[in-house]
Structure formats: C-alpha cells, structure tokens
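Letter by letter, the chains look like this.
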Amino acid sequence: MALYSEKVMDHFRNPRNVGVIENADGVGEVGNAKCGDIMKIYLKIENDTIVDVKFETFGCGSAIASSSMATELIKGKPVSEALSLTNKAVAEALDGLPAHKLHCSVLAEEAIKSALKDYYDKNGIEYDRGIFPDCESCGHCCEI
Amino acid sequence: MISDRYKSYKRIYADNAATTKMGKSAIDAMLPYMDGIYGNPSSLHSEGQKAAEALVNARERIAACLGCTAREITFTSGGSEADNQAIVSAARLGERKGKKHIISTAFEHHAVLHTLEKLKNQGFEITLLDVHENGLVSAAEVEQAIRPDTCLVTVMYANNEIGTVQPVSEIGAVCRERGVIFHTDAVQAVGHLCIDVQKQNIDMLSLSAHKFHGPKGIGVLCARKGILLSNLIEGGAQERGKRAGTENIPAIMGMAAALEEACANMDENAQRLTSLRDKLIDGLSQIPHSVLNGDAQKRLPGNVSFCFEGIEGESLLLLLDDKGVCASSGSACTSGSLDPSHVLLAIGRVHDIAHGSLRLSLSAENTDEEIEYIIKSVKEVVEYLRGISPIWRDLVSGKKEFIIK
Chain X
1 MALYSEKVMD
11 HFRNPRNVGV
21 IENADGVGEV
31 GNAKCGDIMK
41 IYLKIENDTI
51 VDVKFETFGC
61 GSAIASSSMA
71 TELIKGKPVS
81 EALSLTNKAV
91 AEALDGLPAH
101 KLHCSVLAEE
111 AIKSALKDYY
121 DKNGIEYDRG
131 IFPDCESCGH
141 CCEI
Chain P
1001 MISDRYKSYK
1011 RIYADNAATT
1021 KMGKSAIDAM
1031 LPYMDGIYGN
1041 PSSLHSEGQK
1051 AAEALVNARE
1061 RIAACLGCTA
1071 REITFTSGGS
1081 EADNQAIVSA
1091 ARLGERKGKK
1101 HIISTAFEHH
1111 AVLHTLEKLK
1121 NQGFEITLLD
1131 VHENGLVSAA
1141 EVEQAIRPDT
1151 CLVTVMYANN
1161 EIGTVQPVSE
1171 IGAVCRERGV
1181 IFHTDAVQAV
1191 GHLCIDVQKQ
1201 NIDMLSLSAH
1211 KFHGPKGIGV
1221 LCARKGILLS
1231 NLIEGGAQER
1241 GKRAGTENIP
1251 AIMGMAAALE
1261 EACANMDENA
1271 QRLTSLRDKL
1281 IDGLSQIPHS
1291 VLNGDAQKRL
1301 PGNVSFCFEG
1311 IEGESLLLLL
1321 DDKGVCASSG
1331 SACTSGSLDP
1341 SHVLLAIGRV
1351 HDIAHGSLRL
1361 SLSAENTDEE
1371 IEYIIKSVKE
1381 VVEYLRGISP
1391 IWRDLVSGKK
1401 EFIIK
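Those protein sequence lines, which keep their order, are chains X and P.
The first sequence begins at 1 in the numbering used here and counts up one residue at a time.
The second sequence begins at 1001 in the numbering used here and counts up one residue at a time.
I should point out that these hints are in silico values taken from the structure, not numbers from a laboratory.
Worth double-checking, as some hints may not be accurate.
[As the list claims (entries may be wrong)] Distance ranges between label pairs, derived from CB positions:
(1) 1405/P - 3/X: 31 to 39 angstroms
(2) 1405/P - 96/X: 51 to 59 angstroms
(3) 1350/P - 100/X: 17 to 25 angstroms
[As the list claims (entries may be wrong)] One-sided excerpt, in silico: chain X residues whose CB lies under 10 angstroms from chain P:
(4) 18
(5) 38
(6) 63
(7) 124
(8) 130
By construction, the Cβ of each residue, glycine as well, lies at the ideal position given by its N, Cα and C atoms.
Bound conformation, chain X alone:
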C-alpha cells in the first residue's frame, strides 16, 4: 500500500485554494517551523458566510493535503459550520491519513479555528473562549 491515499495525493499535487486574501476578514497561523509544519488560513466572510478561503502551508504531503481539504470543506459554509469542523472530518474526507500524520489534520482544524477567532476579535464579536483551545493544548509539536 502506498503511504497516502489517492485523495491525499490528489490534494497534495493539485491543492485547492492556495494563496493569499488581501485584507482578509480573518487570518490564522498555527504550527511552527521547528516541528516541520505551519499552516496559514485566510478567510473572507460576508453575512456570516465564508465566501472565500485561501491557505499557505509549509509542511509534508499530508499537511498540504489537509489544508487543501479543510478549505474545501468550509468554503461557502456558514461560520458556525466552519467552527464545528473537526480534524476527524478532514482526515475522513481524505480517505484517511497514516497514524503518525494525523496531527496534520489537527493542525488544519486549529488553523481554521484560529482564523475564525481572529475574525471575531477584529469585529468585536462575543464568543465562548472554550471553543478555541490553545495551540499548545494539542502538544503535538510544542515539546521540541
């Protein structure tokens, strides 16, 4: 069996929504170069809907594929739906990830949450802090 599913390879080779949104309504960046992956998500939000999303990723094949898939899953969706996107949903949509690569899907979830939090903060929208766990809480790379 190959390392990655065909879906992972497809999203890795032809990533959707790569790029930058100038004057984005929300920007989130998670991970660090030390542990080998950084994801940055840009959101354009209108009427509580994600009308556009772009990403930039430094990382392995599954990190790029996870970012691509995550952006596809939230594009055109209401903010509330994007907020409830789980890493599991990202991994499943990619037809699975190898066990030691699951953290890439976690990173994708965190990147989107971080961008949404930025959107809330910028617009002074009240929110329950509990829905935004600290990046550090996952502990997948901050040990280094």
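Since chain X is already given, all that's left is putting chain P on it; use the hints.
The following block gives chain P in isolation, referenced to the frame of chain X:
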C-alpha cells in the same frame, strides 16, 4: 493514478545510499546456488560440500578485497547486525578488564547509536564526539577523548546522509597506539572507497552488500584475529560458532561477485561519480538560500546533500518522485517521527532548516543528462513549494530573517 504518473516519466534513480540496483554479475553468481548447488555447507554429502567449498571461496575473495584474512570474515545479515555484534563484542571484552568507556560520534547510524544507548543502560559511559559543521571528526579529537578505561572507538567510515569521509587511517593509528579497539561502520564506504583494514589499523569493520550492487540481507563483520566476538545469535557452529544460522550461500556468492566488481572498477567509477557529483552540487548551489551539507571535498564520490530554507523535505521528495526522480531526505516526516535527522542536527543545522533536506546519492549508471534533469526538477519543485509556504513569504517580506544567507 500514482502508477500513471510513474509511467509518464523516465525514472532516475538517485537513492543509492538507501540501496542499489543489483549488478548482473552478482545475480549471475547467485543463481547456481539456488537451483544446482543448494546443499547446506554443514552437510557431509557432496551437495553440502560443494556449497562449503563455495563458502570458502567467497570468504577468501571478500577478504582479499578488504586486506584481511578469510578467518577474519564473519558473515552477518547485513550492516546493522555487524555493527551490533562489533560493538557488543568490544564492550564485553572491555568489561572483563573493567573498561567501560566507549567513544563514538554524534552522527553515527542508529545501528551504532541504539546499541550504545543499550550499553549505556548497562553501565557503560559513552562519549559522542562533535562532528562540526563540516561533518568531520579529527584523529586528535579522538585521541583527546581516549581514557585509560576506554574499550572501543567506533567511528563511521562515511556518513550515510551527508557523505563525509572520516580520517579513518589516522583514527586507526591513534587507537592502535593507545591499545583501544577501533571499529568502523563502513557500510557506505565499502565498494566505493579504497579500504585496507590492515594498513588502516581497523580492528573491526562492518559492511553491507546491497550498498555496492549486491543482494540485500547479507553483510560482513570483519574482525582482526585475536578479537573474540560475542554471539548475537546462538544455535549452531556456523561462522566458527560466532553466528548461528545456515549460511545464505546465494547471497554470499552475490556479495563476493559484487564486491570484486566494485573494487575492480573503483577508480574509474569514483572519478566519474565525483564529476557528476560536483556538477550536481554546482547546479543546486544556484538555488538561493540553499546550503550543501558536509565538507565539499571529503565526501563520498556519489553523495550530494542539501538543505533548502522555507520548505519541507517530504513534499520535495513526493514531487520529485512525480517527476521521475528517486531521492531521499533526512526529514523527519518520512521516518514517522517529528524530529528531523540527527545527522543534520549534529552538524548544527537548526530544526527549521533540517526539515528541508534532500539527499541525492548517485551510481555509475547515472548520466550527465540525468544530472541536468535533476537540477532542473529540484529548482522547479523548490520554487513551487516556496511559493505556497507561509515561512517563505515571511522571509522574503523581511518579517523573518533568513537562516541560510
């Protein structure tokens, strides 16, 4: 889908440090011992004795290539087993005399480092020498580290990731003078560099056949007469009682043929490879914010190792594979751990940079055209990946400072 892409490009194999394609002479040497002469060399009947004769013959030919005697050759399952047995044997010998200090380097293969770690838990003290940014240790540094209770110095002949070649003869001389056993993991060097264990004062040497176009699963521990080996595998009188298990005659015959061929063509191959290597190094050096890992001169004829700032190694490898180039990396992600290569960290590359590594290891089959294609492909892929990397954006915009100038 992967298979379609696989077909659409000519494949260029540049991962010979991982393993090599078997040579025809090695394959031809193996075949008769699979169907005709299949006896067990321990058997008394003619079929067995023919196999035993072949074994004697292979042992002598391999010894001749290494500058030792046939008795000093022990066949193993490969380089890792040879490394394990060499180190454990020297440790047991040292222990008896109350010597429990071992000197090695920070960038050895894990077959060495993990064995040393095990010994550490058994009360041995391990000194790992710094390999500096150029990936080289000096004999003087080894000498300074030797203590009255040192029982072993183990320093690899050539590094598997960055290809640097250590001053083995000088280290051997120092160890001989101080009466300390010297082992070298020569897995990457045998068949590629001129080796004479006697002249170079090497007490123990490990090698693996599949690194010089021989078969996988076979190797040698060469141990100087008088060094008593400890068994890792018990259960038979094979290999003078030091390594049980019916000898893998086909693989041993293939290894002997491959080693003879490699040694016969060594000078010619080394010259050709060095020129291809330097052309590849020149080409990749043109990529901005890239750095060659390891000394530019004192390296294996076929080894090229680079770090590229702002990208990650696994993505680079996967996209190169799509373009038909088989390469590897010291990158963490390929090995299932998040830590980058211990070799790159040992030469002082910081984590951020060590993640973006690429190793290309050439063989005599590679051509000038292939080198040009590899250079072009790596440039394209690095540029593409930097284009989608948030780190690269920060570096270019001046938000972060480049680590590789």
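Hints versus structure:
1. The given range of 31 to 39 angstroms is respected by residue 1405/P and residue 3/X, whose C-beta atoms sit roughly 34 angstroms from each other.
2. At about 41 angstroms, the beta-carbon gap between residue 1405/P and residue 96/X misses the expected band of 51 to 59 angstroms.
3. For residue 1350/P and residue 100/X, the Cβ-Cβ distance of about 23 angstroms falls inside the hinted range of 17 to 25 angstroms, so the restraint holds.
4. For residue 18/X, the suggested interface contact is upheld, since its CB lies about 5 angstroms from the closest CB of chain P, less than 10 angstroms.
5. For the restraint placing residue 38/X at the interface with chain P, the shortest Cβ-Cβ distance is roughly 5 angstroms, inside the 10 angstroms limit, so the hint holds.
6. With its C-beta approaching chain P no nearer than about 8 angstroms, residue 63/X sits inside the 10 angstroms limit, and its interface hint holds.
7. The beta carbon of residue 124/X comes no nearer than 26 angstroms to any beta carbon in chain P, farther than 10 angstroms, and the hint placing it at the interface is violated.
8. The interface hint given for residue 130/X is broken, as the beta carbon of that residue sits about 27 angstroms from the closest beta carbon of chain P, more than 10 angstroms.
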